[in-house]
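Colleague: Sequence:
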Amino acid sequence: MKNITFFILDKYNNTEKYEHIEGPIFENKDVGSCHLAMKFEREDNETFRAQYPLEDILDEFTIQVEDTLDELNDACDNSKIEYLELSGSLDEIRNAYFQLNGKRAFNEKFRDDDGKYYFRLVIE
0 MKNITFFILD KYNNTEKYEH IEGPIFENKD VGSCHLAMKF EREDNETFRA
50 QYPLEDILDE FTIQVEDTLD ELNDACDNSK IEYLELSGSL DEIRNAYFQL
100 NGKRAFNEKF RDDDGKYYFR LVIE
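Quick note on numbering that gives the first Met the number 0: the sequence shown kicks off at 0 and runs consecutively.
Warning: the hint list may mix true and false statements.
[As the list claims (entries may be wrong)] Label pairs and their computed distance ranges (CB to CB):
hint : residue 1 : residue 2 : range
1    : Phe118    : Val64     : 29 to 35 angstroms
2    : Ile80     : Lys10     : 16 to 22 angstroms
3    : Gln63     : Phe6      : 30 to 36 angstroms
4    : Lys10     : Asn44     : 29 to 35 angstroms
5    : His19     : Glu42     : 41 to 47 angstroms
[Said to hold, decoys possible] With a straight-line Cα cutoff of 16 angstroms, these simulated EDC-like cross-link-like pairs (lysine to aspartate or glutamate) come out:
hint : residue 1 : residue 2
6    : Lys28     : Glu18
7    : Lys79     : Asp29
8    : Lys10     : Glu26
9    : Lys38     : Glu15
10   : Lys1      : Asp55
11   : Lys1      : Glu123
12   : Lys28     : Glu15
13   : Lys79     : Glu40
14   : Lys10     : Asp29
FYI, nobody ran anything at the bench for these hints, they're computed from the structure. Glycine included, every Cβ here is placed at the ideal spot set by N, Cα and C.
Whole structure, please, built from the sequences with the hints as guidance.
Modeller: As structure tokens, then:
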């Protein structure tokens, strides 16, 4: 995934349910989790809702997909663009925001000292 950016969903305007924390980060007052809407462009070799590198990003930052934002994905003219809403603790969401914004994330194959091949998440 590349050209990772974050934006504010319309539903965050509901101040009874969401509190603005900073930038595009909002707290859901009902459950106490923080939310962040993400937009990215898939690489040529990635399929829609590909498991990787998304799964590694979720693991790396200890966050989860809150919503797949089907309405935005269905309405998008560019089939390579994908939208997701992420959630987690404030520290986790803030960390993901600052480390991923404007970046590219992908899995890189490497050979370990034991001679076996593995994959690791790269963010650049």
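Colleague: Determine for every hint whether it applies to the structure shown.
Modeller: Hints, verified against the model:
Range check, Phe118 to Val64: about 20 angstroms between beta-carbon atoms, so the 29 to 35 angstroms window is missed. The hinted range of 16 to 22 angstroms is satisfied by Ile80 and Lys10, whose Cβ atoms lie roughly 20 angstroms apart. Gln63 and Phe6 have their C-beta atoms about 19 angstroms apart, which leaves the hinted 30 to 36 angstroms range violated. As the Cβ distance of Lys10 to Asn44 is approximately 33 angstroms, the hint placing it in 29 to 35 angstroms holds.
Between His19 and Glu42 the beta carbon distance is about 32 angstroms. The supplied range of 41 to 47 angstroms is therefore violated. With a C-alpha separation of about 7 angstroms, the suggested pair Lys28 and Glu18 falls inside the 16 angstroms cut-off, and the hint holds. Using a Cα cut-off of 16 angstroms, the hinted pair Lys79 and Asp29 is violated, with the two alpha carbons roughly 33 angstroms apart. Under the criterion of a C-alpha separation no larger than 16 angstroms, the hint pairing Lys10 with Glu26 is consistent with the structure, at around 12 angstroms.
Between the alpha carbons of Lys38 and Glu15 the distance comes to roughly 25 angstroms, so the proposed pair goes past 16 angstroms and is violated. Pair hint Lys1 plus Asp55 holds up; C-alpha atoms about 15 angstroms apart against a cutoff of 16 angstroms. With a C-alpha separation of about 9 angstroms, the suggested pair Lys1 and Glu123 falls inside the 16 angstroms cut-off, and the hint holds. At roughly 8 angstroms between alpha-carbon atoms, Lys28 and Glu15 fall within 16 angstroms of each other, so this suggested pair holds.
Annotation: proposed proximity of Lys79 to Glu40 holds, straight-line Cα distance about 5 angstroms (limit 16 angstroms). In summary, the hint linking Lys10 to Asp29 is supported, as the alpha carbons are separated by about 14 angstroms, within the 16 angstroms threshold.
In this structure, the hints that do not hold are numbers 1, 3, 5, 7, 9, in rising order.
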